[in-house]
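*Asks:* Residue-level listing of the chains:
There are 2 protein chains.
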Amino acid sequence: MSNFWVRTLAGIVFLAIMVFALIWDRTLFACVFVTVLVQSLREFYDISLNKRFRVQRFLGLVAGGASFILVSAHCFYGWDLRLLTLALIPLLLIPASCLLLPSREHFGDLAYIYAGLLYIALPISLSPLLMMDGIVFDGWFMLSLFVMIWCSDVGAYCIGTAFGQRPGARKLAPDISPKKSWWGFWGGIVFCVVAATGLHFLTWLPFPLVHCIVLGVIVSVFGVCGDLFESLWKRHFGVKDSGACIPGHGGMLDRFDSSLVAIPMACVYLSLFNLI
Amino acid sequence: MSNFWVRTLAGIVFLAIMVFALIWDRTLFACVFVTVLVQSLREFYDISLNKRFRVQRFLGLVAGGASFILVSAHCFYGWDLRLLTLALIPLLLIPASCLLLPSREHFGDLAYIYAGLLYIALPISLSPLLMMDGIVFDGWFMLSLFVMIWCSDVGAYCIGTAFGQRPGARKLAPDISPKKSWWGFWGGIVFCVVAATGLHFLTWLPFPLVHCIVLGVIVSVFGVCGDLFESLWKRHFGVKDSGACIPGHGGMLDRFDSSLVAIPMACVYLSLFNLI
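Order-wise, the sequence lines are chains A and B.
Going by the numbering used here, the first residue of the first sequence is number 1, and it counts up by one from there.
Going by the numbering used here, the first residue of the second sequence is number 1001, and it counts up by one from there.
A hint or two may mislead.
Claimed, not checked - Example chain A residues on the side facing chain B (calculated, C-beta under 10 angstroms, incomplete): (1) Pro95; (2) Asp109; (3) Ala111; (4) Pro264; (5) Asn274.
Calculated from the structure, these hints are not laboratory results.
Fair warning: this is a prediction, and the values are worked out from it, not measured in the lab.
The beta carbon of each residue, even a glycine, is placed where N, CA and C say it ideally should be.
Whenever a hint applies, use it, and build me the whole structure from the sequences.
*Replies:* Given below as structure tokens:
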């Protein structure tokens, strides 16, 4: 099978799993997203962390996975939120376990454990809070945010390819991601705002139109920031793809890099206006 | 004034401020502890972070301070906990702001921003949750935990000085903290358990005696872990004191290194047994 078909098929399967997980069932959502969290975090640690920190890496993965599972259990099944203190155990064992390290070499790398938790595990762990409408599981809002990110990516790709690769077209961040142009950046915003407007009229985004438009701009701009930040991180460590778990598409973290910054920022905006 | 008197006086003033903040008034508590948080975090960043990350460092301090203030406002004045999403803004601006960095040099240092937030800001930000008994401000439980840590330190110092410095006495972690001996470690535990038992009979620790004894062991052991972890961190970056903000006593982080691990661990234990 040629690379093109592998890539297309993997893309469709990935998309189908994502959409079903978001709209079908809370348990399916929890299973899919805990996998996304743990796999993204593993890739982040594989990129950054020295192999010596095996125990600390494991504790980081447990802390991240446990936070998500306990927030999900609270939102979906009414478990006491105080159980979230359980996730503190692996987190506090990280400094304690360092005393068992055979030497102090690369000790500063330990910070990557914490960085992964705040950059990857925190946003994903907060996601179940957005998945309930009263006592009904309702992922249409979250799905809308993902649709907006995908539209932004498609817009950036189309407009960027059509206008941004001509000689003289200004690049967005030539040091970090040589292909990205300002044409693509503005194209992404336009597509994302159009998508947000469409989703508003579809009633998937149940907010006043003006807020939907602002949301489109926020999602697109911070999506690009998230994408560039991950590229910067990979370049710093001399890595091209974060992993290879989705055939033809690279790693899990590569697929969620925009969302990790854009979706929380969108939710902060909506929360400031008391809309969620 | 000789160094001894400066040190003694500063110690007494520091202790008085701490005790008053814990038992007197919620606003005083919030002011003192937000200072402790921000100052400890500043020292942590001064130790670890390259000077180029001025903006990101500032965002980290704002995120840490804001989390504490918003949790306090929730616990003490009934503000909506959803306002905590505000603390996400500086946190999410950290990756976004990195795109403005003039070069990618030392880019991995950025992880220290996140590490400080989870290691220092998270435990201190959770502390207001322990400071209310219904609608009454009640810091006696937290004060008891600090008293236990101080007793453990005194015990470790006395027993360690008396028995641990003799030739042949085994050292706890000669690479990290050459003076600490196993004698001091066990002495700290004994003093801490005795303190916990005393506090139980004083009714400051309103839990069954057996839990108070276990609490004494946990506080002492994880206090030592926290202390050694901070020493390890300082040694890695070639620093002796974390700062000099308390005359004769070094930095703020040096004063709270044990508490940052021991107090959350004690609370996780109590929470597991439904005691808090």
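*Asks:* With reference to the structure, classify each hint as holding or not holding.
*Replies:* To see whether the hints hold, each was checked on the structure:
no.: 1; hint: Pro95; result: holds, 4 angstroms
no.: 2; hint: Asp109; result: holds, 8 angstroms
no.: 3; hint: Ala111; result: holds, 4 angstroms
no.: 4; hint: Pro264; result: holds, 6 angstroms
no.: 5; hint: Asn274; result: holds, 9 angstroms
Checked against the numbered hints given earlier, the structure satisfies every one of them.
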